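As given, the protein sequences belong to chains A and B, one line each in that order. Each residue of the first sequence is one higher than the one before, counting from 1 in the working numbering. Each residue of the second sequence is one higher than the one before, counting from 1001 in the working numbering.
Mixed in with the good hints there might be a few duds.
As the list claims (entries may be wrong) - Computed list of lysine to aspartate or glutamate pairs in EDC-like fashion (alpha-carbon distance at most 20 angstroms, straight line):
1) K9/A <-> D110/A
2) K9/A <-> D1037/B
3) K1028/B <-> D126/A
4) K1068/B <-> E1024/B
5) K1087/B <-> E1366/B
6) K1028/B <-> D102/A
7) K1087/B <-> E1344/B
8) K1409/B <-> E1282/B
9) K1319/B <-> D1288/B
Claimed, not checked - If you want the footprint, here are the derived chain B segments under chain A, 3+ residues with CB under 8 angstroms:
10) 1017-1029
11) 1056-1070
12) 1130-1141
13) 1153-1159
14) 1209-1222
Said to hold, decoys possible - Interface residues of chain B toward chain A, partial, derived using beta-carbon atoms under 7 angstroms:
15) M1047
16) S1052
17) I1383
18) G1385
19) G1386
Since the hints were derived computationally from the structure, they do not count as laboratory data. Since the structure is predicted, the reported quantities are computational estimates derived from the model, not experimental observations. Backbone N, C-alpha and C define an ideal beta-carbon position, used for all residues, glycine too.
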Amino acid sequence: MSSTAFTAKHAMGRRVVGQALVAHDGFSARYDLNRLQGVFSRPTHKLVDQSYVDRILVLDTAKGGVATAWMLHEMRSRNMVPSAIVFNTVNTILAQGAALGDVAMLAGFDVDITAHIPHGAMVEVDPVTHTIRVLDGVDPPPVEGVARVHGPR
Amino acid sequence: MKLNEEERAMLAGELGSVARTAIEHQIKVGAFFGATDFVPVTQAHVMADTESLGQAGVVWLERLADAKDGRVRIPTITDPRGTDFDKAAMLGQADWMLELERRAIDAFTRLGVSMTDTCINYQTVLAATRGEHVAFGDTGVVIYSNSVGGARSNFEGGPSALSAGLTGRTPRYGYHLDAQRNATVRLRVDWTPTQLNDWGALGGIVGRLAGNYWQVPVIEGLDRAPTSDELKHFGAAMASFGSTALFHLVGITPEAARLSDVGGDRLPVLQRIGEADVRALEQSYAVDSSIDVVVFSAPQLSLYELRTIADLCEGRQFKKPLLAVTSPQVKPDCDRFGYTKRIEAAGGTVLAGMCFYQSYAREMSETKGWKRLATNSAKLVNILGGYGYVPMLASMEACVQAAETGELK
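Make the full structure from the sequences, and use the hints.
Here's what the structure looks like:
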């Protein structure tokens, strides 16, 4: 496997591999998600109705309020959390949430990362090297939009 | 990060497991943002409604409290709760929600946190002053304190704000640094709002134009100094729409007596904003004329806002529920001055210590059949779409009238 690796200024967490959900849009766990069903629920979000569970989100920026700092931890407790979140720019809340919720995170690239990672591609996020790369030769499963409910509340 | 002797002792567990847990979290965050050291803070404000915490967050708090080897070192207060216990039945909230809230309150209290349950502490508890380093955990509180007060805080989510309370410090990055406080976006306003919904809409437009947490808008052109309530709505919406933590109003906010004080003279005017832009944003939410509920919340209402609502309620009988949410510090005066009585005589409800969107809003919608919601809070309309509501932004007067007629004009 080989492809271009994009290097982030900021990184946290463990190496993960997974399917990328990509959009030039923002992210807030409170504003954008139905956290019980594990899907984007905000009608105007570009990923509306898509499941984020175990996916690698590649998005433009963190939005809104402070709730995500707790919510990623709560989502992790029910095994309904993205594997990693990758941003062009991140705010303090998302980083704090990633720290408590043990979600891998990269932020701050020289390019618009949402324009360089194909939606649905299999990618590797490696916070140790601060990189995200598309995994060539790995067929991704179709991106689903079906909501599922997992885990105890 | 460079640690002093006390910080090293905390990290080593010499000052208890609670302090160690707190500083470990803070170091993780500080290292992510390249903080070189910690800065002492004077007060902390913790966001912790149990819809956000969930069972997992409450258990995390309880474990800290059960350790019995650490309490907050500085005044540490809280953002709104997820309920007004006196009105929980009226809101259709389930027993498990209330039980989770009680457990969270107990754990916070055992850690020494003061349960102020407010997002308007800068109006009602203790406003942070210019240059004061704090750890505040509500976006509206941070943007107001940074911009109007000249204080210094990042958005500190619940775990980070609590950690700051437990250690008395926070990583020195972002808005604690001089370099981060210069303007990066310059805007010109051609029209000065008069209604709170318009101030919020203007704030939302500025937030969208700023675009992310690290952008600092400087705004010229207002023809007067806004009131505290106007700045409250303006800032809260800006923070919500743009994740903005600091703005400057030339000649009004303390760090921008002149445009050049914040480097704004070196920036081109990105955009001019007029009344038409504000109306356009408001109109974008006008999708239905019938409403199910009117909510005044986000931020909590000041005494003056409640006075205005009470005046508007005079002689009316509401067909639809009207909720007016304030802080526990304001509610006694609201009662004492007769505002509560007048609002409730019309059929409205005054709630204290909570915030609508932090109170299991989706479940409330399903239980109460509330979908089409009228409010004068731009912040609230920005948030509630994701909770399944159809939120509509209008003036306070139009909202009160809608509660009477069921129709928003």
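Run the structure past the numbered hints and jot down the numbers of the failing ones, going up. The structure breaks none of the hints.
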